[in-house]
Structure formats: C-alpha cells, structure tokens
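**Student:** Listed below are the residues making up each chain.
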Amino acid sequence: MSQPIGTGSSAGKGRDRDGSPHMSDTGLLRSAGVRFGVVYAVLLAASAAALALFLWWSTAGLLDRQTEAAIRADAQGLSERWPQTGLRGLILTIDERLAGNVDDDAIYLLADPAMRRVAGNLERWPPIVAEAGPYYELSVLRAGIRTLVRAHRYDLPNGFFLLIGRDVQVRAQLRTLLTDALLWALVIVGAMATAGALVVRGLFRRTLANVSATASAIAAGDLARRVRLSGRGDEFDQLAEVINDMLDRIGRLMDGVRQVSNAIAHDLRTPITRARTRLEDASLHADTKEALRAAIDRATQDLDGIASVFQALLRISEVEAGARRSAFTQLDAAPLLAEVGELYDAVAEARGVTLNVSVPGALPLHGDAPLIQQAVANLVDNAVKFSPTGGTVRLSAAVRGRRVEIEVTDQGPGIRPDEHDKVGQRFYRGEAARSTPGSGLGLSLVRAVAQLHGGELRLEDASPGLRAILSLPAWEAMHG
Amino acid sequence: MRILVVEDDSDVAGFVVRGLKEAGHVVDHADNGRDGLFMAVSETFDAIVLDRMLPGGIDGLKILETLRGQKNTTPVLLLSALSAVDERVKGLKAGGDDYLTKPFAFAELLARVEALARRGKAEPTVTRLVVEDLELDLLSRQVKRAGKKVDLQPREFRLLEYLMRHTGQVVTRTMLLEAVWDYHFDPQTNVIDVHVSRLRQKVDKPFPAPLIHTIRNAGYMLRAEPV
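From first to last, the protein sequence lines stand for chains A and B. Every letter in the first sequence is one number past the one before it in this note's numbering, and letter 299, counting from 1, is 979. Every letter in the second sequence is one number past the one before it in this note's numbering, and letter 214, counting from 1, is 229.
To be clear, the hints were calculated from the coordinates, so they are not data collected in a lab. Worth double-checking, as some hints may not be accurate.
Once the Cα atoms are required to be at most 30 Å apart in a straight line, the calculated DSSO-like pairs of lysine-lysine come out as [claimed, not checked]:
hint, chain 1, residue 1, chain 2, residue 2
1, B, LYS108, B, LYS86
2, B, LYS163, B, LYS108
3, B, LYS105, A, LYS1065
4, A, LYS969, B, LYS117
5, B, LYS159, B, LYS77
6, B, LYS36, A, LYS969
7, B, LYS117, A, LYS1065
8, B, LYS117, B, LYS105
9, B, LYS86, B, LYS117
10, B, LYS36, B, LYS86
11, B, LYS117, B, LYS159
12, B, LYS163, A, LYS1065
13, B, LYS117, B, LYS36
14, B, LYS105, B, LYS86
15, B, LYS77, B, LYS36
Based on the sequences and whatever the hints tell you, model everything.
**Tutor:** Next comes the structure, spelled out in structure tokens:
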C-alpha cells in the first residue's frame, strides 16, 4: 500500500501550491477576506485530493487486489493438490496450468531446497523474493522481454519452494496513466482553487466595503451616513439594517445627551455664576468679617444646590440604566404611600394645604421600594409646592385591571397639555413653574422610575390643577 | 474622642482634621490605605473616617473588611464620591456603620462621627430617656414634660426619641430623615423642618425653656442649656 500514500503526498503538494501565493504575504493573512479565500482554496483542494485518492484506490488499487486474489486462489488449488499427488503431481499441475493459461500472464516457479528450478516458466529464482509473507513486485526477464511481475513465495513441507505470480506489465502501464491523469487534475484543481480564493476574497471585500465605508465615515464625524442596502434582502442586507437601526438609536441617544449637557450648562451656569460673583464681590468689597462670612455661607449653599442637582442627575441615569432592576422584590406599595402621605402632611399643613390620602389595603407590585417611594414623594412634593393656599392635594391609589395606579391631584396652575411630554425631560420647567424654586428634575426621575418598572407616568388636566398618574404593572399581572 | 481619618485628598483631609480638632477631638491622619490599615489595627480609636477610594492598592472597603475580619468593631464612617444606591449598600454590607457622599458639609460629617463614636460605647438598654423635665417612656410609649402628659403621634415619638438618644449632639436633617423615616434621598422641600417645628409646638411651646435648638447650617440639638 505504498503507492496510495505516495499519491496522498502529491495531493499535499497540490495544497501547498494553492496556499503558497497567500502564505508568501503574511500581512494579508490578517485580512478576513484573504482568510476566507484560503479556507475556500484549502477546502476545494482537500475535497479534490479525497476524490483522487478514492478514484485511485478503486481503480489502480483494485487491479493490485485482483492480482493478489488470483495468486491466492492459485496457491489454494496447488496446496490442495500437494498432499494427494506429491511433488510429481505438483509439477504436472504447474505444467497443465501453464499450458492452459490463455492470457499468458501466469508465472510459476518450483525450486528445490537449493533454490534450483524444478518446474515453471521462470529461469531462475529471483533473489528479491526472500520471504514467504509479502507480495513482491519485481522486474524479470521473460522470453527475452523485461516485464513486471507481482509474486508471492510459498514454502513447501519437503523443503521445496513455490513462487506464484502474475505478469502485471499492462496493469502497471494503466496505473501510471491513471496516476498521471490524477496528478494533472490536482494541478488544475490547485489553479482553480487559487482563482476561486481570489474571487471569494473580492466578493467579501466588496460586501464589507459598504459597511466599513459607513463606519469610517461615522468615525470621521459624518453621523448621518447609513449603510446602503442592496435590496436583495439577504444576510448582508439584514446586517446593514441592524447596523442602521443601531446607528439611529445611537443618534437619538447622542441628541439626548446633547440636550442634557446643554441644559446642564445652562442650569448649572446660573448658580455657579451666582456663587462665583458672590465670592468675588465679598473678596473685593466685604468690609467686615461678618459680611465676608455671610457671603461665603451663601456661596456654599449655592454649591450645595449644584451638588444636589448633580446627585439628582446621577440618580436618574442610574435608574435609566436599569441597574436597579436586580434589586426588585415583591412589595406592597400601600404602606409606602401612607408614609409619604405622613411625611408631607406636615409640610402641606404648614402651607395651608390639605393633603388627602386614600390608599387601599394592598397594592402588590414587583419593584424597588425606595425608588417608588421617592417617585411618589416627588409627585406629592410638586403638588404641595404648586397648590394655592387653601387648596387640596389628593394622593390616592387603586388596582385597576393589571395595573397599580397611583394618582396625585392638585389644584395648582397645572401644566398645559402641549407641555405634558416635555415635563419628563431633564431640566424642563413648565411655564407656570418658572417662578417656583426647583431643579426641573423631579418628574424626570418619576418618569425614569416608571419606565424602569415597565409602567408610565401620565399627566392629565384636573381643571383646575394637574393629575399625575403613576401606572405600574401589578404583581399578579406578571404571573399571567 | 480619638478619631482616625483615612483620606488621600490633602485638602479634604486637612479640613476634616482641623474641624475635628476644633470640635475637641484627638485626630490621627493617614493618607494612604497601607498606613490607614496599619494604624486602624494597631491602635484604638473611638471612630474611623474612611475614604472608600484610596491609592496604593488597599482601598477603603478592603481596610473595612480586614478590620471586621479581626472582630474589630470600631465604628466606621465611609466617605465616597460614589453615590449610587448599590455602592452605599456595598459599603454598609462590608461592615460600615454609616455612609456619607462627597461633597459633604463638615457639620454633617461631625454630627455623624460623634453619633457613631458615642454609639460605640452604647449604654445598657434603657427603658426611659430623661432630659431635664422631659421624660420619654419607651415601654408605655408616653411622653411627659414637667409632669404633664404630651400627646405625640407615632412618628413624632420616634423623632423625639432619636433627639433624646443624641442629647447634646448635633443631628442633621439627613440623619433624621434616614433614622426616623428610613429615607435615603433628599426631598426637594425641607420636610424635616416642618416636622421638628410640629414637635416643638407640643414639646417646647407650652413651657418656659425650649429644649430643641436649631444649630445654624447644621441641624438640631436637644439639650437643657441654651445654645
């Protein structure tokens, strides 16, 4: 079986030939396009080599196996004859077989213990055939013509030796022809694999060029660029759509960030300017220690105000990021609301406002208790702040269908319907609220908390006043 | 009282150390985690002010965990610029007794450190708190001043209890909000002032000498002598 292995290695050579143009340029290997091309070429060459091996095995290999089978059958027949007829009978049989061999391809040689010819159509015992085990392929001179013979040695019981073989000259020629054809085929496959690899690389590059051009345009600052769709609706189009969606979302987020940073710049600049002016003025004009100290104290208060705005902003982004969802538990919001009511009852009373709290027995929710409490506190805080003296603020809650709805109603100036959407934005302050102290972040937090819990904040006109409804999914709803 | 301050920012540290000394405390200072840990384990303090983020590989939480691992129960106030709720929870879980977010007012820090240090030497459980002629019975939940019964609502009772447990100490509005209401956020309106003023109506107003005093730029203090 040494021959098929030889063919295998020639297939390996073919593979090297495919690989070599790419291997020579190692920098290219880092390109995915080149890698795909190489993988394509290697796969093609490997499958071609496998096919060639199989062809070889099923043709040339088959011929060898047929020859060996014929030799074995011959030997079987002769060895059955041996015990019955002895040496003489064996010689007779060999002569008979040689005479009856129409194809003239049978080789027999019976030799005595001294390796001298006794019968058969070979002149001398070929020295290569030294053992009884393997099949030998040898070149012999036969009737004046050099020919190729496949032979096997059998040791007879009385010290005689028998060689049985077949002339395989024609078969060997056929095999050479086949091997050559297969090798040439492999060369062609190698060339085609290389060409195919280049085509695959080109296709890959062209498809990616679209995406990568968009990406680099965006990296360079052109945020409006989008990946072109081929319209075929294939995997690359799907990828392009996903990328475009992502770019749209990033764009919206960036707009949001820009709005917030503008708002921060505007809303924080005012108190910072105030604190700065106060300090500078005191440094230049304060005559007494008391005046200086008063100015510094007020500037410190301004800075505390700025810090608390930051704190509120961080809290909102923390909520919006959704990290708190891991702290969700099943909870009853009713006592939370009662506590908020109790906390603000005193404040309302001090302002001459009546705070009416009506909370049912249980408000089952799945969420973050401190956040819900803070959201409700913000709503009540707003309502009390904007209520006219003598007005009433109502804090009520109910389970409606699969939602828990927490309502805070005041009799203040309300928010114009066209402003309802804007009040959830950071720093936005309603027209009517401009004159009241506040950061414009209270409702942003409420809205963020609502979204974190999969709920919403609705604002309605209570004429007069505002009704804010914090609507959250009830606990039962989550179990279907 | 003896207080250890572990803080790497020299401005903040200098300010805190000076302020604590002015308030009459003995203060040691370490400006990195290694020295801080060494001092904390080798000496005895009444309280430790510990910055969460320190240079030099050993941060505040690590120091805290090491201390608690050695069964050292010195009260620790964590200082941090990390304000997220989870950070606070993490700090308290690691064994911190209180958590203060930067930037902070010194009055807030002082009030909290003093409250912690005093809590360290907790007196045996009492059932009655008395300041001057004001008596608060924790069992019957009754309050009397000058022998006269004062009617308080449950929350007012807890507010007064907290003030009396910290007699002679400044308690800030945030401390009250956290301890009495268990709120860990800053309500936009100053709700605490209103509640304290309600309490004053009942506890102080009908009597000649007020016990609940307002400390400017800080909070409140309950004590017999005027501030």
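**Student:** The structure should be examined with respect to each hint, and the outcome stated for every one.
**Tutor:** How the hints compare with the structure:
At most 30 Å may separate the alpha-carbon atoms for a hinted pair to count; LYS108 of chain B and LYS86 of chain B meet this at roughly 15 Å. Annotation: proposed proximity of LYS163 of chain B to LYS108 of chain B is violated, straight-line Cα distance about 44 Å (limit 30 Å). For a cut-off of 30 Å, the pair hint linking LYS105 of chain B to LYS1065 of chain A is broken: about 35 Å separates their Cα positions. In summary, the hint linking LYS969 of chain A to LYS117 of chain B is supported, as the alpha carbons are separated by about 28 Å, within the 30 Å threshold.
With a C-alpha separation of about 47 Å, the suggested pair LYS159 of chain B and LYS77 of chain B falls outside the 30 Å cut-off, and the hint is violated. In summary, the hint linking LYS36 of chain B to LYS969 of chain A is supported, as the alpha carbons are separated by about 23 Å, within the 30 Å threshold. With a CA separation close to 28 Å, the supplied pair LYS117 of chain B and LYS1065 of chain A stays within the 30 Å bound. A hinted pair counts as satisfied when its Cα atoms are at most 30 Å apart, and LYS117 of chain B with LYS105 of chain B qualifies at roughly 16 Å.
Taken as a hint, the LYS86 of chain B and LYS117 of chain B pair is honoured in the structure, with Cα atoms around 28 Å apart against an allowance of 30 Å. Restraint check for LYS36 of chain B and LYS86 of chain B: satisfied, since their Cα atoms lie roughly 28 Å apart, inside the 30 Å limit. Distance restraint check for LYS117 of chain B and LYS159 of chain B: the Cα-Cα separation of roughly 40 Å exceeds the 30 Å cut-off, and the hinted pair is therefore not satisfied. Taking the CA atoms of LYS163 of chain B and LYS1065 of chain A, the gap is about 37 Å. The hint is violated against a cut of 30 Å.
Taking the CA atoms of LYS117 of chain B and LYS36 of chain B, the gap is about 21 Å. The hint holds against a cut of 30 Å. A distance of roughly 19 Å separates the Cα atoms of LYS105 of chain B and LYS86 of chain B; the hinted pair therefore holds under the 30 Å criterion. Annotation: proposed proximity of LYS77 of chain B to LYS36 of chain B holds, straight-line Cα distance about 27 Å (limit 30 Å).
Going through the hint list in order, the structure does not satisfy hints 2, 3, 5, 11, 12.
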